[in-house]
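Engineer: Okay, here's what each chain looks like letter by letter:
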Amino acid sequence: MPHTLTISQLTDKLAQGELTSRDATQACLDRIAAVDGQLNAFLSHDPDDALAQADAADAARASGVSGEAKPLLGVPIAMKDVIAVNGHPLNCASKILGDFNSPYDATVTQKLREAGAVIFGRMNMDEFAMGSSTENSAFGPARNPWNTDRIPGGSSGGSAVAVTADECIASLGSDTGGSIRQPAALCGCVGLKPTYGRVSRYGLVAFASSLDQIGPLTKDVRDAAIMLGVIAGEDKRDSTNVPEPVPDYTAALTGDIKGLKIGLPKEYQVDGLDPEVKAATDAAVAELEKQGAEMREISLPHTEYAIATYYIIATAEASANLARFEGVRYGARVDGASPEQMNRATRGAGFGEEVKRRIILGTYVLSSGYYDAYYLRAQKVRTLIRQDFLNAFEEVDLIASPTTPTPAFKIGEKSGDPLQMYLSDIFTISCNLAGLCGISVPCGFSNEGLPLGLQLLGKPFGETDLLRAAHAYEQTTDWHNKRPELD
Amino acid sequence: MREDLQHAVKLARIELTAEEEARLGSQLGDILKYVDKLNELDVEGVEPTAHAVPLTNVLREDEPRESLSHEAAMRNAPKTANGLFIVPKIVE
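These protein sequence lines map, in sequence, to chains A and B. Each residue of the first sequence is one higher than the one before, starting from 1 at the first, in our numbering. Each residue of the second sequence is one higher than the one before, starting from 1 at the first, in our numbering.
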């Protein structure tokens with residue numbers, strides 16, 4: 001069952017010659033054929049191309065290329081449909097991109113290739129990464145593998161489903177307000193959002209440029225550390241990339257968290273926090289304490305303003321970024337008598353409703369007469385939110401909370417009420433506003449058998465502490481090894 | 001839909017059906033009411049944050065280098081001719 005392995009398990013077996021990359025890749029393809037009809041995690045995939053990459057990896061290994069030189073040699077990795085892979089479709093789960101085919105590789109794609117990965121699959125998502133449920137995909141919702149009537153979270157829903165359902169070994173997603181951590185929590189895998197500037201966004205279709213970051217979804221914390229080591233680092237093609245050295249993240253996984261100070265924000269005891277989620281988080285915190293971490297109550301006084309701030313800033317940036325989809329340079333076009341009519345018709349037919357809602361809202365808050373009242377004010381509140389975290393991080397090394405206030409909700413339950421959907425992002429959104437790193441690790445199940453996630457937040461470029469604590473916790477639990485039963 | 005929102009729709013160049021306009025109008029009204037929450041705060045003297053990691057003037061050498069070929073850059077366009085993008089007639 002090579003598709004059920006983690007990266008570290010698979011690369012061990014590949015190195016020892018117990019398995020080939022072709023075996024592993026074929027196992028993932030068979031698994032997709034068996035279960036993806038009910039999950040809809042993959043928008044498309046190209047089996048022949050995947051197997052050709054696997055054969056090339058096997059040939060490289062046979063010719064003496066080592067796993068040290070190429071840490072992902074022969075490992076099948078799936079990509080969210082917002083990251084460019086040369087010669088493959090890229091739709092952002094939107095109709096407006098038509099039959100777009102990427103003319104180049106994103107930097108993360110290039111880095112995965114250099115590490116030897118088998119890159120395959122376009123993972124389902126909320127259109128243009130706007131959503132928390134993957135219901136906003138123009139190609140139908142992805143489904144939670146633990147209960148297919150439930151949402152898998154979003155926007156990187158397909159990436160989380162594929163990892164949890166063993167349709168790939170690991171995947172990449174993107175996180176603007178929780179889009180990696182939230183689906184990881186709701187599906188029961190690990191999701192890491194690196195610090196803003198840690199991973200190049202060249203070749204990532206932009207949603208909100210001051211918030212977007214690419215990161216891995218994996219079966220355990222060690223795999224997240226391996227993936228981050230591969231994709232992190234400076235890139236001259238992304239001017240927001242920060243030239244910090246990339247440490248050996250796997251070396252941080254010592255299991256020793258004695259004396260690590262972890263903050264518990266008192267403002268996170270919100271109305272609507274599900275008692276089962278609270279109990280699972282409390283138990284995880286108690287486990288971290290048992291291992292020697294010191295818990296402190298902290299205060300993040302501007303927490304209640306985070307969602308409003310986010311939905312002004314993110315939509316403003318999105319309205320500018322998505323202006324490029326106008327039916328001229330790429331994608332679908334609906335004809336019109338003038339360029340402006342053609343733009344209107346193309347965007348009216350091509351964008352789904354959530355994307356339209358956000359572009360209109362973003363245009364509104366940037367428009368003359370409203371800019372100061374909304375956009376500028378939100379940027380100032382963002383300063384206050386960021387300052388809350390920087391103050392807290394003078395006293396603690398990490399912050400712990402639930403990843404989501406509830407387990408996965410039912411498909412259709414919130415799709416008619418966007419504001420309710422936005423409010424479910426309460427614990428994940430501030431991390432992006434403040435430019436922190438964050439991770440979600442499995443921490444239990446609800447009575448109905450739905451996965452729950454523990455979120456840890458770290459200082460900017462504090463991924464080593466973050467991964468060390470998440471790994472130490474994971475070593476004492478079995479949650480990450482649980483898999484849904486799928487026929 | 002409120003007039004100020006209709007203006008934003010026009011600026012955003014998105015054609016809406018009557019049904020969409022009614023639904024989005026009421027949802028956007030709710031969202032704007034919610035974000036008015038930010039008016040509770042005194043932000044006098046607070047500097048705005050455009051970017052969580054302060055970086056200024058990231059420059060590189062202005063050197064010619066390989067880039068996408070003309071053909072690759074054009075290949076996803078819905079309408080082209082003679083290596084140019086075709087749009088509806090602008091000037092009568």
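Everything labelled a hint here was simulated from the structure, so no lab data went into it. Some clues are possibly wrong.
Derived CB-CB ranges, DEER-like [as the list claims (entries may be wrong)]:
1) Arg23/B with Glu68/A: 54 to 64 Å
2) Arg324/A with His51/B: 15 to 25 Å
3) Ala279/A with Glu44/B: 36 to 46 Å
4) Ser368/A with Ala18/B: 45 to 55 Å
5) Ala18/B with Pro243/A: 46 to 56 Å
Below 27 Å or equal to it, Euclidean Cα-Cα: the simulated BS3-like pairs (lysine-lysine) are [said to hold, decoys possible]:
6) Lys37/B with Lys414/A
7) Lys89/B with Lys95/A
8) Lys258/A with Lys236/A
9) Lys95/A with Lys10/B
We put the beta carbon where it would ideally sit given N, CA and C, even for glycine.
Engineer: Hints first: check each against the structure and report whether it holds.
Structural biologist: So, going through the hints one by one against the coordinates:
1. Arg23/B with Glu68/A: 54 to 64 Å: 56 Å Cβ-Cβ, so the 54 to 64 Å window holds.
2. Arg324/A with His51/B: 15 to 25 Å: With a Cβ separation near 21 Å, Arg324/A and His51/B satisfy 15 to 25 Å, so the hint holds.
3. Ala279/A with Glu44/B: 36 to 46 Å: 42 Å, holds
4. Ser368/A with Ala18/B: 45 to 55 Å: 27 Å, violated
5. Ala18/B with Pro243/A: 46 to 56 Å: 52 Å, holds
6. Lys37/B with Lys414/A: Distance of about 22 Å is within 27 Å: holds.
7. Lys89/B with Lys95/A: Holds, at roughly 25 Å.
8. Lys258/A with Lys236/A: 38 Å, violated
9. Lys95/A with Lys10/B: 21 Å, holds
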